[in-house]
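*Asks:* Residue numbers (my numbering), protein chains in the order written: chain A, 629 to 814; chain B, 28 to 294.
A hint or two may mislead.
Stated by the list, open to error - Below are the DSS-like pairs computed for lysine-lysine, each with C-alpha atoms no more than 25 Å apart in a straight line:
no., chain 1, residue 1, chain 2, residue 2
1, B, 94, B, 274
2, A, 711, A, 729
3, B, 105, A, 704
4, B, 274, A, 719
Hints in this document: simulated from the structure, not taken from any laboratory.
None of the values given here were measured: they were computed from a predicted structure.
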Amino acid sequence: MKKSNFGKFLLSLTLFISLLLVSSEASAHKVNIFAYAEEGMVYTEGYFPDGRKVEGGKVEVYDSQGNKLLEGTTTKEGTFDFKIPKVDDLKIVLIATMGHKNSFTIYADELAEATAGVAAEPVAQVARTPAEQTGAKVAQVPAKPSRRRRREPEKESFPVAGVFGGLGFIFGLTALIMQFSGKKKG
Amino acid sequence: MWNFKRSCFIMGLFLGLCCLSVPAPALAHFGTLIPSDDIISQGDSRTVKLEVKFIHPMELQYMEMVKPKQFGVLFRDKKINLLSTLKSTRGKAPNQEKEFTFWETNYKIKRPGVYTFYMEPTPYWEPAEDCYIVHYTKVAISAFGAESGWDKPVGLETEIIPLTRPFGLWTGNVFTGKVLVNGKPAANTDVEVEYLNEYSGAKTKINPPSDPYVTQVVKTDSNGVFTYAMPKAGWWGFAALSTSAKKIKGKDIEIGAVYWVKTIDLN
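Just chain B, same shape as in the assembly (with noise of 0.2 Å):
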């Protein structure tokens, strides 16, 4: 009998133990980069807003985030670098307690053409999945017109070149991209995508039933090209998950190629 209640006590005590050091639901990172606007036309205000941050976009979680390694744009085939105009302030969910750090700048669109915006960040050390994440972000505005550019390569260790323009996307369009790892298509690679849900012009806040549709998954084909169609106006991020090469600390990297898209709805 004493037996017998022992093993009870002390399997209850593993399962507990079990429970405890059960991960909670693993919420997708994203390095996101929103402009105020991702078309300028004649009329509208030439300086664009960046927003840089690491949050979970259908949740709006915020994460710390340290100054970026890399912060630029590539326009006219020239990587202009732009981290000296980042200043940083502080933003969280309404559920999160306390503020986290983000990064924005203003940006004044000169000329004519696709401006590509690109962002390398400080590795961050995630200890539930015990590696570094680093999550390469990109996404393009076009200006008065011009509408070429936006296939070209930043040159990043992993990034997505879009096969779907960019921008002017209606509700329900499908994004396509290719994702490269060290300028070489990834096959058979995770793709998360994401809405960010803060969207201002959003009438309405979504709220996933499960977990499995706060993430989407898709993966990329032979050639690492993958394909989205978006349910909803707003921002969508696309992420591309793939292990550095490199470590740190001994410790994997997750590398992360993220690109952002707009779509409106067709009325």
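Next up, chain A with everything else stripped away, as it sits in the complex (with noise of 0.2 Å):
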């Protein structure tokens, strides 16, 4: 009889932990981020593939030699734009909840011809940009010749959530298994 409670009490809990680990898992979709730039503004948006958008998502924009010039967070929208801070091939970063990340790299000749028509002004003296708001340094530098490359995509984190619940799911089996053998015995 002991044993048989014990078993029930396992099975329970870990039925009941897997179960959270993995529903809460299965929400978390791969995310993406897109770009494009238009009147010397970059517009960019998070989204899951099922069309859902990354609300408060945090996005970092890189510049070619990896520094960073300016952060943010996605709108209700997943929407997140800003002034065009330099013209190079910008990397963009959206760092979602659940430590799930992906980056888009926007390209100096894309950045180049949006801010062609509107280039006559320091972007740096226009208020109120997100680069400002950030504090982040901003530069006009003059447009290089883009290196088209393929994007390398971020690794996921290590899918711990996934592979616990997967864990407990084998455990909340083995507990069902002993029970039904010890009730057999019994």
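Make one complex out of these two single chains by using the hints.
*Replies:* If you want it as structure tokens, here you go:
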């Protein structure tokens, strides 16, 4: 009897924990970020494959040397827009919840094209750019020839929750089998 | 004796005429709409070339195609008319003598999302079947990791609504779709399936041993749903055939809802 009770307890506990972990893992899809430049601005949007927007995701913008130029947070619609800080290959990193992140590189040629019409005034003088808000240094750099390259996808973090969920499930099954085999003998 | 000879002659003549009038094996006509890529990722070319043809996909036989009536793309619930971007060009199968007109365009993908391209051809008169043929043809492209929207109807007279996500498919996967005619499920409808035998990624061409292998046929169930498992990497076309309630010059119109999907080998 004692053994059976312990089995039941173990079963419920592991099932509960694995369900908890598995269900939270299932809702965490791969995140994506996309960016395009138009009339001196860079528009970004963060989204999941099923179309849901990444709300409150952290966005970081790096130049081709790896210097962080600015950062911000996505809106309810998953967007984060900023004035072109520099005509360079910009790497835009989106960090969502549960350690999921992805990046998008917008190339210097696209930025140069989007800057062409509005480049007359120095970007740094325009008030309240997100870059200024974050205190990032904003510099106007002449366009460099773009170096097209394939993206190196950010490796997703080790799926701790998934692994624990799986282990929990196995324990749960074992407990179930133990309980049944115990009952037969009892 | 004379009568017997004459009877034989008449009979022979009659049989000969019968043979002549037996139609050639019916090849399945397919509206085709094939993009140069069905999944656009970061770093890929953002310009997609689309070819619009009217062919027998397995035999690669072209048919003359006049400019479509409608050509566009459904993106984020909006239909964008692309008819004016179509340019005519010519092509033929290796065993065809003359070249036939087909159409192509380049489309620049600017935003993430699913792009469903659709085409309504100008009715094609097919004397062998004594009817006009109109194949409403669709294909979907997914760009930059966004995958929603592929199950949205375009609102054509007849169309296939995919129930299987129509991109990122492995060889051997099934493709399940729902056939709509005037927005309602079409039950018990023939769906012809053909492999596009000119897929550039294919290592070998297919040589069907006999006619039934050329065009596979499945039927829709009472909900208008059909399923087919695709046994080879490449483009697969699904044509659900119905007869329109309308007529042209008193003749029937065969309406086809055509959908194209691509599979690649799992390695």
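*Asks:* Each hint: holds or not?
*Replies:* Against the structure, the hints come out as follows:
no.	hint	verdict
1	B:94 x B:274	holds, 20 Å
2	A:711 x A:729	holds, 23 Å
3	B:105 x A:704	holds, 22 Å
4	B:274 x A:719	violated, 57 Å
When held up to the earlier numbered hints, the structure conflicts with hint 4 and nothing else.
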